[in-house]
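Peer 1: These are the residues of each chain, in order.
Protein chains: 2
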Amino acid sequence: MTPRYDVIGIGNAIVDVLARADEDFLVYHGMAKGSMSLIDETRAEAIYSAMGPAIEISGGSAANTVVGVASFGGKAAFIGIVKNDTLGGVFMHDIRAAGVGFAASPIKDGPATARSYILVTPDGERTMNTYLGAAQLLSAAEIEEDEVAAAKVTYLEGYLWDPRNAKDAFLKAAKIAHKASRAVSLTLSDAFCVDRYRDEFRGLIKDGTVDLLFANESELKSLYQTADFDTAAGVLQKEAKLAVVTRSEKGALVVTCDKIEAIDAFPVETVVDTTGAGDLFAAGFLYGFARDLPHTASARLGALAAAEVISHLGARPDRKLADLARERKLL
Amino acid sequence: MTPRYDVIGIGNAIVDVLARADEDFLVYHGMAKGSMSLIDETRAEAIYSAMGPAIEISGGSAANTVVGVASFGGKAAFIGIVKNDTLGGVFMHDIRAAGVGFAASPIKDGPATARSYILVTPDGERTMNTYLGAAQLLSAAEIEEDEVAAAKVTYLEGYLWDPRNAKDAFLKAAKIAHKASRAVSLTLSDAFCVDRYRDEFRGLIKDGTVDLLFANESELKSLYQTADFDTAAGVLQKEAKLAVVTRSEKGALVVTCDKIEAIDAFPVETVVDTTGAGDLFAAGFLYGFARDLPHTASARLGALAAAEVISHLGARPDRKLADLARERKLL
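Same order as they appear, the protein sequences are chains E and U.
Counted from 1, the first sequence has number 259 at position 259 by my numbering; the numbering is strictly sequential.
Counted from 1, the second sequence has number 197 at position 197 by my numbering; the numbering is strictly sequential.
Do not rely on the hints blindly, as some may be mistaken.
[What the hints assert, rightly or not] Calculated cross-link-like contacts (lysine-lysine; reagent style DSSO-like; alpha-carbon spacing at most 27 Å):
hint, chain 1, residue 1, chain 2, residue 2
1, U, 108, E, 108
2, E, 33, U, 33
3, U, 33, E, 320
What the hints contain is simulated information worked out from the structure, not anything from laboratory work.
Work the whole structure out from these sequences, hints included.
Peer 2: What follows is the structure, encoded as structure tokens:
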């Protein structure tokens, strides 16, 4: 069967609420800079009251990635849960308007659509505080076999380990994908997330559930509990089939059993907001991977998409990535 | 009595829903590029369904202006109506977080918080489609004498002529302001708006209700029904006490009975989105005016604020304007 999608993403469906903040704000509110913290409704209200004027943009890690795949011209779909409230409407509009298939109906009762209060410091770094709300309800029931089997790559976010039953959705999707001879890809999401679920993530990589792993430096160090990057990369090379390690302005590494290839980052004039950098790197790589490009070419698409998204506020591309890639002669 | 506020703004409380669109989209949907059209709920839904991925940012012309005044370090307040729905919450959070006084309680019943579907074309120009919703309900009842009398300038948007009873709010506020020996300022808002209420606006200027007028070139030409800018400027000089005419990249003119002074625009590397350019020009000028700066110095603050806001998506400043002005030695 010819794949109907290049990539299907499964993740938390989140609307980002982004505001600028200084370092003192993070310290005062006990936030670990650069990380994602889960918060309850009370804390969500307290943070929102304290934070500055904000903008609302659809987000969610895997959702950002599939939007990026579609922006490159790929066929993409997304599975996640929103409520039929205003932010749910915003999320559904934006992902569909980006050309991504999103079939799920919003829930009518229960918690509100998930949102992440994101503080962007003057250095462009983002610190996320996520109220999962309706996204908590993702379970294996939402995974349709024919949808997942129709995608060349099934892309899953590590954050799915947080909601109670989303892990079941993850594992069901991975099983369907492999049964249909499709690839399964995982992003480690966040160093603290890795810390919460280290053994399970490491198990998924070692036992072959994950065919393609995305991680950044701090996630990788957290996974292998070492402060030394080269040590971590060495273990990764032994345990993973194929991995892409992003290193911010130092570019990225493509790690296979027989070699490690380095790819440069694209120069960026001003880093405005790093939200979505990893998500969009994954988008470029996944698009290339699904279209059978060489890994280094795929990684360059990833670097291009990451550079675009950190040049403006928000975690989704502001320009058509296919156009950008063609201008740079990458497609 | 010392003024408690530099500027109090009265206007439609609107959340902007911004998306990129090409020129064909505007033509296909019958939109006049660069203008503001009023739409009903059905058309709002149709436009939203058709438009691309969007971002939500608080807007509203006079609201953007008072946020700009606060960003310069001025004391500002706003009067307008929202509903207690999600977008109403967003509007209230953002204007208060910007340091602007907003005392009104959201309405519990009736139409939803106003939103404007804004299409930004590749040249950075914006075309607005506004569903007024709750903003329709603004009336003289919302105007508190002690609030308006406490502001050095009362700033009113021409758009207030659109909702049924907002004009009464406008006229009541102007009367209070003059009784307290404060200044009244009006922006003509939009050439089509001028076309709808030409005689009334011209009357307000001639009879001295308006002490300080803001207009752009096309609004001015519409006001005096001429295609020749110099002709329009000549009539303006005879009829207005003090006027600021913005001319995009050509800068602005400060028009008084005895002279017309030209102020250059600030250079902008890339015009990303012109939404809010006029609103923020007014913010800079009003801040200077309220602080008794010379008109040319006030206009330079206006030009600076306009340049900042057109460099990114959205109609509110992304950087503290007081800092920018100090960097440029304008404050």
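Peer 1: Output the indices of the hints that this structure fails to meet, ascending.
Peer 2: 2
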